[in-house]
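J.: As a plain string of letters, each chain reads:
Number of protein chains: 2
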Amino acid sequence: MMSSLPKRVTIVEVGPRDGLQNEAAFVSTAQKIGLIERLADAGLSFIEATSFVHPKAVPQLADADAVIGELETRPGLTISALVPNERGLDRALAAGVKRIALFTAASETFTRRNIRMSIADSLAVFRAVSQRAVEAGVSVRAYLSTCFVCPFEGDISARRVAELTEQLLELGADEIALSDTIGAAAPRDVFAVGEAILNRVSAPRLALHLHDTYGTALSNVLAGLQMGITTYDAAVAGLGGCPFAPGAAGNLATEDLVYFLDRMGITTEVDLARVLDAADAAASLVGSPPRSRQWSRVCGKAQGSSRDET
Amino acid sequence: MMSSLPKRVTIVEVGPRDGLQNEAAFVSTAQKIGLIERLADAGLSFIEATSFVHPKAVPQLADADAVIGELETRPGLTISALVPNERGLDRALAAGVKRIALFTAASETFTRRNIRMSIADSLAVFRAVSQRAVEAGVSVRAYLSTCFVCPFEGDISARRVAELTEQLLELGADEIALSDTIGAAAPRDVFAVGEAILNRVSAPRLALHLHDTYGTALSNVLAGLQMGITTYDAAVAGLGGCPFAPGAAGNLATEDLVYFLDRMGITTEVDLARVLDAADAAASLVGSPPRSRQWSRVCGKAQGSSRDET
Numbered sequence: 001m002m003s004s005l006p007k008r009v010t011i012v013e014v015g016p017r018d019g020l021q022n023e024a025a026f027v028s029t030a031q032k033i034g035l036i037e038r039l040a041d042a043g044l045s046f047i048e049a050t051s052f053v054h055p056k057a058v059p060q061l062a063d064a065d066a067v068i069g070e071l072e073t074r075p076g077l078t079i080s081a082l083v084p085n086e087r088g089l090d091r092a093l094a095a096g097v098k099r100i101a102l103f104t105a106a107s108e109t110f111t112r113r114n115i116r117m118s119i120a121d122s123l124a125v126f127r128a129v130s131q132r133a134v135e136a137g138v139s140v141r142a143y144l145s146t147c148f149v150c151p152f153e154g155d156i157s158a159r160r161v162a163e164l165t166e167q168l169l170e171l172g173a174d175e176i177a178l179s180d181t182i183g184a185a186a187p188r189d190v191f192a193v194g195e196a197i198l199n200r201v202s203a204p205r206l207a208l209h210l211h212d213t214y215g216t217a218l219s220n221v222l223a224g225l226q227m228g229i230t231t232y233d234a235a236v237a238g239l240g241g242c243p244f245a246p247g248a249a250g251n252l253a254t255e256d257l258v259y260f261l262d263r264m265g266i267t268t269e270v271d272l273a274r275v276l277d278a279a280d281a282a283a284s285l286v287g288s289p290p291r292s293r294q295w296s297r298v299c300g301k302a303q304g305s306s307r308d309e310t
Numbered sequence: 001m002m003s004s005l006p007k008r009v010t011i012v013e014v015g016p017r018d019g020l021q022n023e024a025a026f027v028s029t030a031q032k033i034g035l036i037e038r039l040a041d042a043g044l045s046f047i048e049a050t051s052f053v054h055p056k057a058v059p060q061l062a063d064a065d066a067v068i069g070e071l072e073t074r075p076g077l078t079i080s081a082l083v084p085n086e087r088g089l090d091r092a093l094a095a096g097v098k099r100i101a102l103f104t105a106a107s108e109t110f111t112r113r114n115i116r117m118s119i120a121d122s123l124a125v126f127r128a129v130s131q132r133a134v135e136a137g138v139s140v141r142a143y144l145s146t147c148f149v150c151p152f153e154g155d156i157s158a159r160r161v162a163e164l165t166e167q168l169l170e171l172g173a174d175e176i177a178l179s180d181t182i183g184a185a186a187p188r189d190v191f192a193v194g195e196a197i198l199n200r201v202s203a204p205r206l207a208l209h210l211h212d213t214y215g216t217a218l219s220n221v222l223a224g225l226q227m228g229i230t231t232y233d234a235a236v237a238g239l240g241g242c243p244f245a246p247g248a249a250g251n252l253a254t255e256d257l258v259y260f261l262d263r264m265g266i267t268t269e270v271d272l273a274r275v276l277d278a279a280d281a282a283a284s285l286v287g288s289p290p291r292s293r294q295w296s297r298v299c300g301k302a303q304g305s306s307r308d309e310t
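Keeping their order, the protein sequence lines are chains A and B.
The numbers in our numbering rise by one with no breaks, and the one at position 114 of the first sequence is 114.
The numbers in our numbering rise by one with no breaks, and the one at position 235 of the second sequence is 235.
Here chain A stands alone, though its shape is the one from the complex:
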């Protein structure tokens, strides 16, 4: 069961973007840059730093231009930014972004509710932005949301996900982040989608973007590893979700993913202790403790033994 697993995995840190965009707290540009630098210091070599959405839609990331402009480049560190449309691309290019992330979803209803357009319309936007980006020498990652379960439509067709994955690659993306947006998927879903895609697309073109709503995220990582997928998104401190909804779930926490991969003997080049330091820093920025299992156990200094403990 273990012999065929990848020996090395890439983690894409999305906390500064997918995390902070969903947190109520105001985080200053300098604090954001400090967090990103801590994450890079921990060995994370792909970091999604911000989003060039309209500042009115996501005021938390209204300083995207400054974040990108002021971040120092490092050898081996790839910084990306989310771009929703051509206006966002203009800003991203002006700020000097070298890699952008575009998005659509596999659920028609979710797409309409999330970005107020149809999937077809979102693909038209994707095509226009992607083409201009590639012409400008900027690489493109794609998020495909609700690949497994949609909060409105329920189960999503694996064949539909496979078709969209192929289309997004044809439109210029070099990596498709198959996203379990509400964190409801179990490995059966991951296997089904993976099997539908992997006879058309090679595993290095895929990433898994998991939320940990029901605690299934690491089991979905195992399923992904067993299918040869080597790129996983995560957010330090489990940032994300909606702070106004009690119990809302964030992204799979980077520290939980790193613990898991370390224990699996899979190389990430990421240092767990330093990620925990970054989680502390992120938590103090957003004003709530890290929402990871790893943090609450290790930093809570928990776990003794008691008589008859099984």
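Heads up, a few of these hints could be off.
The list treats identical chains as interchangeable, and a pair is accepted whether it falls inside one copy or across any two copies.
Stated by the list, open to error - Only pairs whose alpha carbons sit at most 25 angstroms apart, straight line, appear in this in silico SDA-like list of lysine to any residue:
1. K98 - S4
2. K7 - A196
3. K7 - E195
4. K7 - G154
5. K7 - D155
6. K7 - R188
7. K56 - D262
8. K56 - T109
Simulated from the structure, these hints should not be mistaken for laboratory data.
Here the structure is a predicted model, which means the values were calculated and not measured.
Starting from the known structure of chain A, arrange chain B on it as the hints suggest.
T.: For chain B alone, kept in the frame of chain A given last:
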């Protein structure tokens, strides 16, 4: 990846025993019986109800005799109780228990610290208790603690776990609960132990007893399913751990396991909504909210969507 998974899984509910023994709150006999009945109503057909340890060691379960004596039998429901020694067996037999659970561990240091004897001595106790139980028509389950990682010794030898598993079966146990006592294991550990055991022992003789300290429990369930293991322990509301140690982790929550198995298309006969009701009840008994992902999401009525959610 999915085609070879078991179609049906048995859940052994250990909350009333392994959960309540680690909770500070005093729960009355009537409340314990009420909780067990709710769990049976939810479709759980194997419930570990209590422990016949010395009342001074675990005062929370000092009423084991009364719990077993007053529980009404139901067709299809198997009630078990933990028994640490011959004195405990005397009490268990007098109370009318039909199935007992004995225990030892795969780590010498853990065994000495947990039950103040060597593994060899604990096996001698096991032999004496098991023999008398079987002669009295009482069936025996065995917990083998620290099968993967020991808090004192670190990694545990899979070969040692396999040897002990065989020995416990020879001593009269019909099922060995391979226990990740501190919840530190990842699927690599489960695969290693499973592979060492399964060329000597058939999968129906094994159970996995997982704690969810680092969020790896469901990934370990997936590993177990892939090796053909069909019995999994869980505790309603994620009861367990030590309430005095901040962040201490409980057992894998029954409701998280049921959600996972439901979503995997694997039959359990357990009703998730009713388990969540039982989790509410259990939580009010111990005075803290359920420590499961499922409860906090579903009963917290969380999760909306926001613009650009991936």
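J.: At most 25 angstroms between CA atoms: does that hold for K98 and S4 within a copy, between copies, both, or neither?
T.: Close neither inside one copy (34 angstroms) nor across copies (44 angstroms); limit 25 angstroms.
J.: Evaluate K7 and D155 at a C-alpha cut-off of 25 angstroms and name the case that applies: within, between, both or neither.
T.: between (32 angstroms within a copy, 20 angstroms between copies)
J.: Pop the pair K56 and D262 into one bin, within, between, both or neither, using alpha-carbon distances up to 25 angstroms.
T.: The answer is neither: 40 angstroms in one copy and 40 angstroms across copies each exceed 25 angstroms.
J.: Could you figure out if K56 and T109 sit no more than 25 angstroms apart (CA to CA) within one copy, between two copies, both or neither?
T.: within (23 angstroms within a copy, 59 angstroms between copies)
J.: Between copies, within a copy, both or neither: which fits K7 and E195 at Cα up to 25 angstroms?
T.: both (21 angstroms within a copy, 20 angstroms between copies)
J.: Between K7 and G154, at a C-alpha cutoff of 25 angstroms, which is it: within one copy, between copies, both, or neither?
T.: Close across copies (23 angstroms), not inside one copy (34 angstroms); limit 25 angstroms.
J.: Between K7 and R188, at a C-alpha cutoff of 25 angstroms, which is it: within one copy, between copies, both, or neither?
T.: both (23 angstroms within a copy, 13 angstroms between copies)
J.: Tell me, please, which holds for K7 and A196 at an alpha-carbon limit of 25 angstroms: within, between, both or neither?
T.: both (24 angstroms within a copy, 22 angstroms between copies)
Going down the numbered hints, you'll see the structure goes against 1, 7, while the others check out.
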